[in-house]
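Please construct the entire structure, taking both the sequences and the accompanying hints into account.
Chain by chain, the residues:
There are 2 protein chains.
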Amino acid sequence: MTNPVTKDRLHYEDLSVGQVFELGPKQVTKQMIFDFAHEFDPLPFHIDEQAAKRSLLGGLAASGWHTAALSLRMLIDTFLGHAASMGGLGFTKLRWKRPVLAGDAISGTVTISELRRSVSRPKWGVVTLDFDMHNQKGQQVMTMRLNNLIEVRNPDTPGEVGS
Amino acid sequence: MTNPVTKDRLHYEDLSVGQVFELGPKQVTKQMIFDFAHEFDPLPFHIDEQAAKRSLLGGLAASGWHTAALSLRMLIDTFLGHAASMGGLGFTKLRWKRPVLAGDAISGTVTISELRRSVSRPKWGVVTLDFDMHNQKGQQVMTMRLNNLIEVRNPDTPGEVGS
Numbered sequence: 000m001t002n003p004v005t006k007d008r009l010h011y012e013d014l015s016v017g018q019v020f021e022l023g024p025k026q027v028t029k030q031m032i033f034d035f036a037h038e039f040d041p042l043p044f045h046i047d048e049q050a051a052k053r054s055l056l057g058g059l060a061a062s063g064w065h066t067a068a069l070s071l072r073m074l075i076d077t078f079l080g081h082a083a084s085m086g087g088l089g090f091t092k093l094r095w096k097r098p099v100l101a102g103d104a105i106s107g108t109v110t111i112s113e114l115r116r117s118v119s120r121p122k123w124g125v126v127t128l129d130f131d132m133h134n135q136k137g138q139q140v141m142t143m144r145l146n147n148l149i150e151v152r153n154p155d156t157p158g159e160v161g162s
Numbered sequence: 000m001t002n003p004v005t006k007d008r009l010h011y012e013d014l015s016v017g018q019v020f021e022l023g024p025k026q027v028t029k030q031m032i033f034d035f036a037h038e039f040d041p042l043p044f045h046i047d048e049q050a051a052k053r054s055l056l057g058g059l060a061a062s063g064w065h066t067a068a069l070s071l072r073m074l075i076d077t078f079l080g081h082a083a084s085m086g087g088l089g090f091t092k093l094r095w096k097r098p099v100l101a102g103d104a105i106s107g108t109v110t111i112s113e114l115r116r117s118v119s120r121p122k123w124g125v126v127t128l129d130f131d132m133h134n135q136k137g138q139q140v141m142t143m144r145l146n147n148l149i150e151v152r153n154p155d156t157p158g159e160v161g162s
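So the sequence lines, in the order shown, correspond to chains A and B.
For the first sequence, position 136 matches number 135 in numbering that gives the first Met the number 0, and the numbering has no gaps at all.
For the second sequence, position 32 matches number 31 in numbering that gives the first Met the number 0, and the numbering has no gaps at all.
Because the hints were derived from the structure by calculation, they are not lab data.
Note that the Cβ used here is the ideal one computed from N, Cα and C, for glycine as well.
Just to be clear, a hint being listed does not mean it is correct.
Said to hold, decoys possible - Cut-off 25 angstroms, straight-line C-alpha distance, at most; resulting in silico cross-link-like pairs (SDA-like, lysine to any residue):
| hint | chain 1 | residue 1 | chain 2 | residue 2 |
| --- | --- | --- | --- | --- |
| 1 | B | Lys122 | A | Arg97 |
| 2 | B | Lys122 | B | Ser112 |
| 3 | A | Lys6 | B | Gln49 |
| 4 | A | Lys52 | B | Trp123 |
| 5 | A | Lys25 | A | Gln139 |
| 6 | A | Lys29 | B | Gly89 |
| 7 | B | Lys52 | A | Gly86 |
| 8 | A | Lys25 | B | Gly86 |
| 9 | B | Lys96 | A | Leu148 |
| 10 | B | Lys92 | B | Arg144 |
| 11 | A | Lys96 | B | Thr142 |
| 12 | A | Lys92 | B | Val125 |
| 13 | B | Lys96 | B | Leu55 |
| 14 | B | Lys25 | A | His37 |
| 15 | A | Lys52 | B | Asp7 |
| 16 | B | Lys52 | B | Gln139 |
| 17 | A | Lys92 | A | Val19 |
| 18 | A | Lys122 | B | Pro41 |
Unchecked claim - Estimated spans, in silico, between C-beta atoms of each pair:
| hint | chain 1 | residue 1 | chain 2 | residue 2 | range |
| --- | --- | --- | --- | --- | --- |
| 19 | A | Lys96 | B | Thr110 | 21 to 31 angstroms |
| 20 | A | Gly102 | B | Glu48 | 35 to 45 angstroms |
| 21 | A | Gly17 | B | Asp129 | 31 to 41 angstroms |
| 22 | B | Thr142 | A | Ser112 | 17 to 27 angstroms |
| 23 | B | Glu21 | A | Thr156 | 42 to 52 angstroms |
| 24 | A | Asp155 | B | Thr77 | 46 to 56 angstroms |
Okay, structure coming up:
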């Protein structure tokens, strides 16, 4: 049965390993940092400029979770919003390499590093997406790997299979 | 030099492996799901109730990233907001096990699974925190492991050391 919501979107068969999506740039303002941090991550270096200057981060810095959420949003605008995504499975290897400070602009790439079909569920494919995010100086700020379920258009065709 | 922001907070020496923090419960409303998803994760099953019913998730579901951010916030209220946290390093093994649907209440535990001192930076400790989040039916919805930097109160004392 074709899903009417996703039928015209990119499916498993439309993707290939090595495909790269460009993300951003997106500027991260002080107000954005405050808003996110007050809701989800109210630690001193995310909500108090004076405390932030005395912290390891060296200045008011976005929550690392905020950086990840903004990166996710950029991937949706560029790719996942046009794909027959069935939802995320999880993340591995998320690393915050350097703070994102107020006024920084983040951009980056997402590369498809693996594609596999489910053995038990022929309609399911898994796409592995590697994020590589930088600031406006070209310095790496975050990497993460997302595994996302995506619909297979023709489940009856054999495919390279995973778990 | 003592950090005036964090001097009265929990330091590395105050923590022990096996320590458990209780999180929540926190109810996740339809409006919360819409608000977060429109900003960060605008996929059909997070912003459109009809599309969500036809999706694998079976109904309007919170962005997995929203579940993670809410879990982080609960940990800050319970523990990290009272600790001399220097920031997160990243996480491994984030897994979404089951959707968090509109109206669900999430709660869970965070257990300290590892503590280690930095060799090169005597003032730094790393605390590894394992999240185990459930819904109101007791079903597991998410697990993740976060590595967080925390200040060592007495850097001159020898400690078990890591990398």
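Verification of the hints:
1. Lys122/B <-> Arg97/A: With a Cα-Cα distance of about 19 angstroms, the restraint between Lys122/B and Arg97/A holds, given a limit of 25 angstroms.
2. Lys122/B <-> Ser112/B: Distance ~20 angstroms between Lys122/B and Ser112/B Cα, so the pair holds.
3. Lys6/A <-> Gln49/B: holds, 15 angstroms
4. Lys52/A <-> Trp123/B: holds, 18 angstroms
5. Lys25/A <-> Gln139/A: At roughly 15 angstroms apart (the allowed maximum being 25 angstroms), Gln139/A and Lys25/A satisfy the hint.
6. Lys29/A <-> Gly89/B: holds, 22 angstroms
7. Lys52/B <-> Gly86/A: Given pair Lys52/B, Gly86/A holds - Cα atoms ~14 angstroms apart, limit 25 angstroms.
8. Lys25/A <-> Gly86/B: holds, 22 angstroms
9. Lys96/B <-> Leu148/A: With a Cα-Cα distance of about 13 angstroms, the restraint between Lys96/B and Leu148/A holds, given a limit of 25 angstroms.
10. Lys92/B <-> Arg144/B: holds, 6 angstroms
11. Lys96/A <-> Thr142/B: Cα-Cα ~23 angstroms, so holds.
12. Lys92/A <-> Val125/B: Holds, at roughly 16 angstroms.
13. Lys96/B <-> Leu55/B: With Cα atoms ~13 angstroms apart, Lys96/B and Leu55/B stay inside 25 angstroms; holds.
14. Lys25/B <-> His37/A: holds, 16 angstroms
15. Lys52/A <-> Asp7/B: Distance ~19 angstroms between Lys52/A and Asp7/B Cα, so the pair holds.
16. Lys52/B <-> Gln139/B: Measuring from Cα to Cα gives roughly 21 angstroms; hence the hint holds.
17. Lys92/A <-> Val19/A: Holds: Lys92/A and Val19/A sit about 19 angstroms apart, inside 25 angstroms.
18. Lys122/A <-> Pro41/B: holds, 23 angstroms
19. Lys96/A <-> Thr110/B: 21 to 31 angstroms: holds, 26 angstroms
20. Gly102/A <-> Glu48/B: 35 to 45 angstroms: With a Cβ separation near 38 angstroms, Gly102/A and Glu48/B satisfy 35 to 45 angstroms, so the hint holds.
21. Gly17/A <-> Asp129/B: 31 to 41 angstroms: Given range 31 to 41 angstroms: holds, Cβ gap about 34 angstroms.
22. Thr142/B <-> Ser112/A: 17 to 27 angstroms: Holds - the Cβ-Cβ distance for Thr142/B and Ser112/A, about 23 angstroms, lies within 17 to 27 angstroms.
23. Glu21/B <-> Thr156/A: 42 to 52 angstroms: holds, 49 angstroms
24. Asp155/A <-> Thr77/B: 46 to 56 angstroms: holds, 50 angstroms
When the structure is compared with the earlier hints, no violation turns up for any of them.
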